[in-house]
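Chains A and X are the protein sequences, given in the same order.
Just so you know, the first sequence maps onto residues 1 to 112 in the numbering used here.
Just so you know, the second sequence maps onto residues 113 to 226 in the numbering used here.
Certain hints may be false.
As the list claims (entries may be wrong) - Covered stretches of chain A, as calculated for chain X (at least 3 residues, CB under 8 Å):
no.: 1; stretch: 66-73
no.: 2; stretch: 103-109
What the hints assert, rightly or not - With a cut-off of at most 20 Å between alpha-carbon atoms, the simulated SDA-like pairs for lysine to any residue come out as follows:
no.: 3; chain 1: X; residue 1: Lys152; chain 2: A; residue 2: Pro93
no.: 4; chain 1: X; residue 1: Lys153; chain 2: A; residue 2: Phe9
no.: 5; chain 1: A; residue 1: Lys36; chain 2: X; residue 2: Val172
Stated by the list, open to error - Below, a sample of chain A positions facing chain X; criterion: calculated Cβ distance under 7 Å:
no.: 6; residue: Ser27
no.: 7; residue: Tyr31
no.: 8; residue: Ala41
Calculated from the structure, these hints are not laboratory results.
Backbone N, C-alpha and C define an ideal beta-carbon position, used for all residues, glycine too.
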Amino acid sequence: GEDVEQSLFLSVREGDSSVINCTYTDSSSTYLYWYKQEPGAGLQLLTYIFSNMDMKQDQRLTVLLNKKDKHLSLRIADTQTGDSAIYFCAENPTGGYQKVTFGTGTKLQVIP
Amino acid sequence: ETGVTQTPRHLVMGMTNKKSLKCEQHLGHNAMYWYKQSAKKPLELMFVYNFKEQTENNSVPSRFSPECPNSSHLFLHLHTLQPEDSALYLCASSQAGLAMNEQYFGPGTRLTVT
Numbered sequence: 001g002e003d004v005e006q007s008l009f010l011s012v013r014e015g016d017s018s019v020i021n022c023t024y025t026d027s028s029s030t031y032l033y034w035y036k037q038e039p040g041a042g043l044q045l046l047t048y049i050f051s052n053m054d055m056k057q058d059q060r061l062t063v064l065l066n067k068k069d070k071h072l073s074l075r076i077a078d079t080q081t082g083d084s085a086i087y088f089c090a091e092n093p094t095g096g097y098q099k100v101t102f103g104t105g106t107k108l109q110v111i112p
Numbered sequence: 113e114t115g116v117t118q119t120p121r122h123l124v125m126g127m128t129n130k131k132s133l134k135c136e137q138h139l140g141h142n143a144m145y146w147y148k149q150s151a152k153k154p155l156e157l158m159f160v161y162n163f164k165e166q167t168e169n170n171s172v173p174s175r176f177s178p179e180c181p182n183s184s185h186l187f188l189h190l191h192t193l194q195p196e197d198s199a200l201y202l203c204a205s206s207q208a209g210l211a212m213n214e215q216y217f218g219p220g221t222r223l224t225v226t
C-alpha cells in the first residue's frame, strides 16, 4: 500500500533556510502536497505539485520533486518564527477525492 | 461560521461512555472525511463520505460509527472506547470531482479516554 515517510523534527535558526524532506512509495502519485498545521488548528494546504513538474516556487516556498527517487522536499527561505508548525507531506495516487495518504508530519521549530 | 467547524474541541470520556463528535462544513463541498491524528504516526484516514454515501472505511473498529445525514454535516459516534483511542480527531471536506482534491480541515477534537 501507499506509504509516506518524513522525519519527525527539524530545528532551524530564524533567517536560515529550512528543508523538510519526504519519501513516498506510490509511483503513480498524481498530486503531492504540503500541508501546514499550526498549534490548535487543523491542517491547511500550503502548496502542491503535479507529478509532471520537477519544481514549483511560491514566494518563500520551493517544492522539489524527484520522481525517480520518489522524494519530495519543501524549502522555506528566510524562515520566521511564524513558520513554526507541523508540516505534512501527502500524496494522491489517482487524483480525485478518495485516497490522499499523509505522512507523520515534521515539527519545525524556529529558534529566534 | 466559515470553513469547517468541529465540536466539542476537547472531550474526556470513560471507556463505558457514549459520546458523539460533530463536524460541519460551510464550503458547499460534497465529500467529508474523518482522520485520526496520533503522535509520531501518519495521519490516519478513517472514513470518507461522498454525497452522503460512505465510500471508504479503513478497517476502523466498530466502536467508531460515522453518520452523514447531509453533505454539510458529519458525526462520529463513540462507544466503549479504549485508552489507545485517545487522539486528535480531524474532520475535513473537499469538492469531489476536482482532481487536485484540496482538503479543508477543522481544528479537531482532542479526545482523551480514561
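Okay, the hints, checked on the actual structure:
1. Given as covered by chain X, the stretch 66-73 of chain A fails the check, having 0 residues with a CB less than 8 Å from a CB of that chain where 3 are the minimum.
2. Residue count for the stretch 103-109 of chain A with a Cβ under 8 Å from a Cβ of chain X: 3. That meets the three needed, and the coverage hint holds.
3. A threshold of 20 Å between alpha carbons decides the hint, and for X/Lys152 with A/Pro93 the separation of about 23 Å lies outside it, so the pair is violated.
4. Restraint check for X/Lys153 and A/Phe9: satisfied, since their Cα atoms lie roughly 13 Å apart, inside the 20 Å limit.
5. Distance check on the hinted pair: A/Lys36 and X/Val172 sit about 26 Å apart at the alpha-carbon level, beyond 20 Å; violated.
6. With a cut of 7 Å, the hint placing A/Ser27 at the interface with chain X is violated, because the nearest CB-to-CB distance is about 18 Å.
7. Against a cut-off of 7 Å between C-beta atoms, the interface hint on A/Tyr31 holds, since the closest Cβ of chain X lies about 6 Å away.
8. The beta carbon of A/Ala41 comes within 5 Å of a beta carbon in chain X, closer than 7 Å, and the hint placing it at the interface holds.
The structure does not agree with the numbered hints 1, 3, 5, 6 stated previously, though it agrees with the rest.
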